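Enquirer: Here the sequence shown is numbered in the working numbering, starting from 1 and rising by one per residue.
It is worth saying that the hints were derived from the structure and are not from the lab. Everything numeric in this text was worked out from a predicted model, so none of it was measured. Glycine is no exception: its CB is placed at the ideal position from the N, C-alpha and C atoms. Treat the hints with care, as some may be off.
What the hints assert, rightly or not - Derived DEER-like restraints, expressed as beta-carbon distance ranges:
no.	residue 1	residue 2	range
1	K258	S112	18 to 24 Å
2	N496	F447	53 to 59 Å
3	G464	G97	45 to 51 Å
What the hints assert, rightly or not - Dumping the calculated EDC-like pairs for lysine to aspartate or glutamate here, alpha-carbon to alpha-carbon at most 20 Å:
no.	residue 1	residue 2
4	K85	E121
5	K494	D468
6	K23	D154
7	K213	D468
8	K218	E204
9	K72	E6
10	K479	D468
11	K80	E119
12	K541	E374
13	K520	E394
14	K89	D66
15	K85	E2
16	K80	D10
17	K183	D105
18	K479	E394
19	K243	E215
20	K12	E137
21	K178	E6
22	K494	E374
23	K281	D444
24	K541	D468
25	K180	D10
26	K258	E374
27	K242	D184
28	K183	D33
29	K213	E6
30	K92	D117
31	K586	D565
32	K12	E215
33	K12	D134
34	K289	D468
35	K461	E533
36	K479	E395
37	K85	E73
38	K23	D115
39	K89	D33
40	K586	E533
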Amino acid sequence: MEYKMEIDMDVKTNRFQGVQNVKYTNNSPDALDQVFYHLYFNAFQPGSMMDVRSRTIADPDRRVRDRIFNLKEDEIGYQKIKSLKLNGKPVKYEVVGTVLEVQLDQPIAPGSTVDFDMEFEAQVPVQIRRTGRDNAEGVRYSMAQWFPKMAEYDYQGWHADEYIGREFYGVWGNFDVKIKIDKDYLIGGTGYLQNPLEIGHGYENEGETVNQKVENGKLTWHFVAPNVHDFMWAADPDYTHKKLTTKDGLELHFIHKKGQNEENWDKVIPQTEMLFEYASKHFGKYPYKQFSVIQGGDGGMEYPMSTLITGSRGSLIGVTVHEAMHDWYHGILGSNEALHPWMDEGFASYASTRIMDYINRKTRGESEPEVTLENLGNNSGQRSYVGLSKSGREEPLSTHSDHFNLNGAYSSSAYGKGAVWMSQMGYVIGEENLNKALLAYFDDWKFKHPNPNDVLRSFEKVSGLELDWYNEYFVYTTKSIDYGVKEVNGEGNKTNVTLERVGMMPMPMDVVVTYKDGSKEVHYMALRMMRGEKPAETQDKRIVHPDWAWVSPTYDFTIDRPMSDIASIEIDPSGRMADVERGNNKWEANSLNTNK
């Protein structure tokens with residue numbers, strides 16, 4: 001899809017006039033007799049679905065609550081369609097909340113390309129959620145979801161979801177955008193600026209001469225963004241602009257309000273370089289030539305080639321890392337963030353934990369720690385998920401992001417359980433396989449909108465294991481994991497151990513036996529339905545036992561040393577398995593709770 005847009009912003013009324021041309025190619029096998037656009041600004045009107053949802057849900061987002069309901073006429077947001085034509089002929093359309101429904105006289109045939117031409121006008125709402133004007137830190141414009149955006153049509157059909165306040169899903173396209181705004185305003189966001197010497201504001205290279213092309217007190221900024229599914233920009237007359245070009249040639253832009261938190265904005269510049277260095281190596285090569293960290297919005301939010309973050313934090317790197325990693329999972333892989341938020345929020349959270357550990361160690365001058373079972377992998381999000389699992393509020397990960405009963409349950413699921421999906425996968429297939437699979441997943445599915453089965457297949461191909469059971473339990477149900485050491489009995493020079501599956505979700509077992517002389521050995525039982533075993537992960541002696549069939553609630557195995565030699569027996573000391581009750585995972589020889 002090809003977008004061409006031009007807008008003229010009036011900073012006094014906070015309104016703009018826009019024209020848009022979309023060259024839309026029907027890449028599906030179906031003839032399309034209708035299309036849909038998202039009109040996100042319309043959510044910021046009293047009585048909208050976002051407003052009603054926020055006023056009726058038990059735990060509303062503190063940034064929203066009843067604020068939309070109380071907006072005045074000059075504070076609301078809207079996108080009004082003045083005209084819409086298909087190949088030069090007017091078409092019938094109707095605005096329904098935040099969706100523009102368009103009926104076509106002639107279907108768009110498979111493989112054909114058509115032109116939609118639109119004239120529209122919009123009013124920027126007061127900053128409430130993600131988009132808007134005059135946020136709490138004084139940023140004039142955080143222009144997210146600002147244009148009529150074509151909805152996605154994929155193998156599941158149209159995705160014309162109303163904007164309730166959650167996540168997004170869009171069509172890949174090339175954007176050509178011209179923004180006319182008062183000359184004092186500095187803009188940052190998605191895309192490459194095409195006319196830096198007519199603009200200046202720090203976009204020129206050192207030594208270049210800027211000749212600003214001012215017309216009626218305004219500059220026209222011209223951006224091009226290839227192969228993205230959204231376009232965000234932010235603007236303020238008091239922005240300052242700093243740049244860093246990494247050794248790989250990536251241009252990093254840092255745009256924030258002058259005099260606000262300067263020390264931490266300076267700190268985040270080299271840290272962001274570390275972030276992209278690590279992420280490109282471990283999660284897939286970043287395909288664009290630019291990324292911008294911009295003060296704005298109402299927290300932290302991801303957009304292609306950029307992020308909006310609030311800038312008055314004690315540290316900026318944590319939020320920058322998380323939002324930048326969305327450029328991999330939301331921006332480049334482009335899974336359906338609305339339907340599968342865990343594939344974006346969860347995976348970004350998992351990656352953020354690893355990257356923050358790397359940045360912190362590098363800042364302190366530390367090297368990679370030695371790999372042991374106790375420090376293998378990470379258990380990002382596990383505390384949040386376990387709390388949710390025990391709360392009785394959990395819903396399956398397959399729940400659409402807008403349809404969770406509680407905001408808190410959504411967050412713990414999408415961020416917490418989603419991160420556990422990935423960290424726990426390292427336990428199932430082995431950390432080395434996980435690292436290979438993360439790169440394979442990125443290479444297999446970049447710019448292709450993967451679904452939950454697609455990511456699983458990438459991991460299956462790398463590991464050689466059958467993993468369909470993993471999603472069937474962990475994504476599509478709320479069944480939890482709980483394993484325990486049930487009995488330990490001495491029998492001469494041998495020790496008999498009985499494990500039990502208390503929870504309903506089956507898992508393979510790493511059981512670590514620590515002897516009183518300090519030595520360790522790993523007893524491993526794969527699930528039979530995995531059809532294979534993960535490789536050994538440490539240098540400790542490993543004994544592979546027969547597979548555990550999931551229908552059996554207990555499993556017996558024998559240790560070829562007397563019970564008197566054993567200090568402890570523990571299931572999964574790495575903590576990567578999301579066992580909701582770890583109190584029964586360990587037997588210790590000196591414990592008052594030892595079995596027999």
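Enquirer: Next step is simple, just say for each hint if it's right about the structure.
Expert: Evaluation of the provided hints:
1. K258 to S112: 18 to 24 Å: violated, 50 Å
2. N496 to F447: 53 to 59 Å: Given a distance of about 54 Å, which is inside 53 to 59 Å, the answer is holds.
3. G464 to G97: 45 to 51 Å: holds, 48 Å
4. K85 to E121: Roughly 16 Å separates the two Cα atoms, so the pair holds.
5. K494 to D468: This hinted pair is violated, its Cα atoms lying about 37 Å apart.
6. K23 to D154: holds, 17 Å
7. K213 to D468: Given pair K213, D468 is violated - Cα atoms ~59 Å apart, limit 20 Å.
8. K218 to E204: Judged against 20 Å, a Cα distance of about 18 Å means the pair holds.
9. K72 to E6: It is violated: about 28 Å lies between the C-alpha atoms, which goes past 20 Å.
10. K479 to D468: holds, 15 Å
11. K80 to E119: This hinted pair holds, its Cα atoms lying about 9 Å apart.
12. K541 to E374: Given that 20 Å is the threshold and the Cα spacing comes to 15 Å, the pair holds.
13. K520 to E394: Violated - the C-alpha atoms of E394 and K520 are around 37 Å apart, more than 20 Å.
14. K89 to D66: violated, 42 Å
15. K85 to E2: Since the Cα atoms of K85 and E2 sit roughly 16 Å apart, the hinted pair holds (cutoff 20 Å).
16. K80 to D10: holds, 16 Å
17. K183 to D105: Since the Cα atoms of K183 and D105 sit roughly 43 Å apart, the hinted pair is violated (cutoff 20 Å).
18. K479 to E394: Holds: K479 and E394 sit about 10 Å apart, inside 20 Å.
19. K243 to E215: violated, 27 Å
20. K12 to E137: holds, 19 Å
21. K178 to E6: Roughly 5 Å separates the two Cα atoms, so the pair holds.
22. K494 to E374: Violated: K494 and E374 sit about 26 Å apart, past 20 Å.
23. K281 to D444: holds, 16 Å
24. K541 to D468: Status violated; Cα separation ~30 Å.
25. K180 to D10: Answer holds: K180 to D10 is near 9 Å, not above 20 Å.
26. K258 to E374: violated, 46 Å
27. K242 to D184: holds, 17 Å
28. K183 to D33: Cα-Cα ~43 Å, so violated.
29. K213 to E6: Given that 20 Å is the threshold and the Cα spacing comes to 17 Å, the pair holds.
30. K92 to D117: This hinted pair holds, its Cα atoms lying about 13 Å apart.
31. K586 to D565: holds, 16 Å
32. K12 to E215: Status holds; Cα separation ~17 Å.
33. K12 to D134: Satisfied, since the Cα-Cα distance of roughly 12 Å is no more than 20 Å.
34. K289 to D468: violated, 37 Å
35. K461 to E533: holds, 14 Å
36. K479 to E395: holds, 10 Å
37. K85 to E73: With Cα atoms ~29 Å apart, K85 and E73 exceed 20 Å; violated.
38. K23 to D115: holds, 5 Å
39. K89 to D33: holds, 15 Å
40. K586 to E533: Answer violated: K586 to E533 is near 23 Å, above 20 Å.
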